[in-house]
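Residue numbers (the working numbering): 2 to 213.
Just so you know, the hints here were simulated from the structure itself, not pulled from any lab data. Cβ coordinates follow ideal geometry from the N, Cα and C atoms, glycine included. A couple of the hints might just be wrong.
Simulated DEER-style distance windows between Cβ atoms [to be verified]:
#1 169 <-> 211: 21 to 27 Å
#2 146 <-> 192: 43 to 49 Å
#3 95 <-> 9: 44 to 50 Å
#4 189 <-> 142: 29 to 35 Å
Listed next, the in silico PhoX-like pairs over lysine-lysine satisfying Cα-Cα at most 20 Å (straight line) [claimed, not checked]:
#5 184 <-> 89
#6 184 <-> 173
#7 173 <-> 144
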Amino acid sequence: MEIDLILGLSLAGITLGLVEGIKPGPLLTMVIKETLSGGLRAGAWTAAAPIFTDGPLVIVSLFAAAWFATQPFALFTISIIGGLFLIKMGIDCFSIEPPIGDELIIDTKGAFRRGLLTNLLNPNVYVFWFLIGGPLMASAAEKEPLAPIAYAVSFLISIILVKIFIAYLFDKSRGNISAKTYKFALSFCGIAMLIFAGGFILQGIDIWSNGF
2 MEIDLILGLS LAGITLGLVE GIKPGPLLTM VIKETLSGGL RAGAWTAAAP
52 IFTDGPLVIV SLFAAAWFAT QPFALFTISI IGGLFLIKMG IDCFSIEPPI
102 GDELIIDTKG AFRRGLLTNL LNPNVYVFWF LIGGPLMASA AEKEPLAPIA
152 YAVSFLISII LVKIFIAYLF DKSRGNISAK TYKFALSFCG IAMLIFAGGF
202 ILQGIDIWSN GF
């Protein structure tokens, strides 16, 4: 058993998970939005999305990385659909009203579903696992079969925990902010989502212009 390789990839997974967890992106924006509108439970459920989206991709990417690299139409489709979805979610942010007093409806199922769709329709997730993570794990698997598992598990756990911690911080501040600040924060999330949507669509257009 290659202990050094397992530990090395585990550390790499944790480090990358921490970086991806705090890096601004569609999922983090959605976590903040759901936390502000539905509380910590809603934010935590949204943050848990990677285990259900990235998890299966980890397995598939080990075997399909080479194929995906030759199928730009798949990435084009995901980019456009993801962009349209984020446009809708971004616009919705401008119409969410602050909770009144202690009255708060926590739609955890809806929050989880929105987090799932946000990550599932993010083309960068596929680019990472099929063009970077997959080949890396495949090469490591030749020396130690447990190494890619350690990498994937450590990455998923760290990225989810970081986003849940961020949700916790926003949840703690939620009761101390005014309605105006609350609306401003959600509007900021909406603008961020629209910017990410534009990036997704531009990425799709670039793929289209380069030809399939």
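Hint check results:
As the Cβ distance of residue 169 to residue 211 is approximately 42 Å, the hint placing it in 21 to 27 Å is violated. The given range of 43 to 49 Å is respected by residue 146 and residue 192, whose C-beta atoms sit roughly 45 Å from each other. Between residue 95 and residue 9 the beta carbon distance is about 46 Å. The supplied range of 44 to 50 Å therefore holds. A C-beta distance of roughly 42 Å is found between residue 189 and residue 142, which places it outside the suggested range of 29 to 35 Å.
Distance check on the hinted pair: residue 184 and residue 89 sit about 17 Å apart at the alpha-carbon level, within 20 Å; holds. In summary, the hint linking residue 184 to residue 173 is supported, as the alpha carbons are separated by about 17 Å, within the 20 Å threshold. Between residue 173 and residue 144 the CA atoms are separated by roughly 46 Å; this puts the pair beyond 20 Å, and the hint is violated.
Violated hints for the displayed structure, listed by number in ascending order: 1, 4 and 7.
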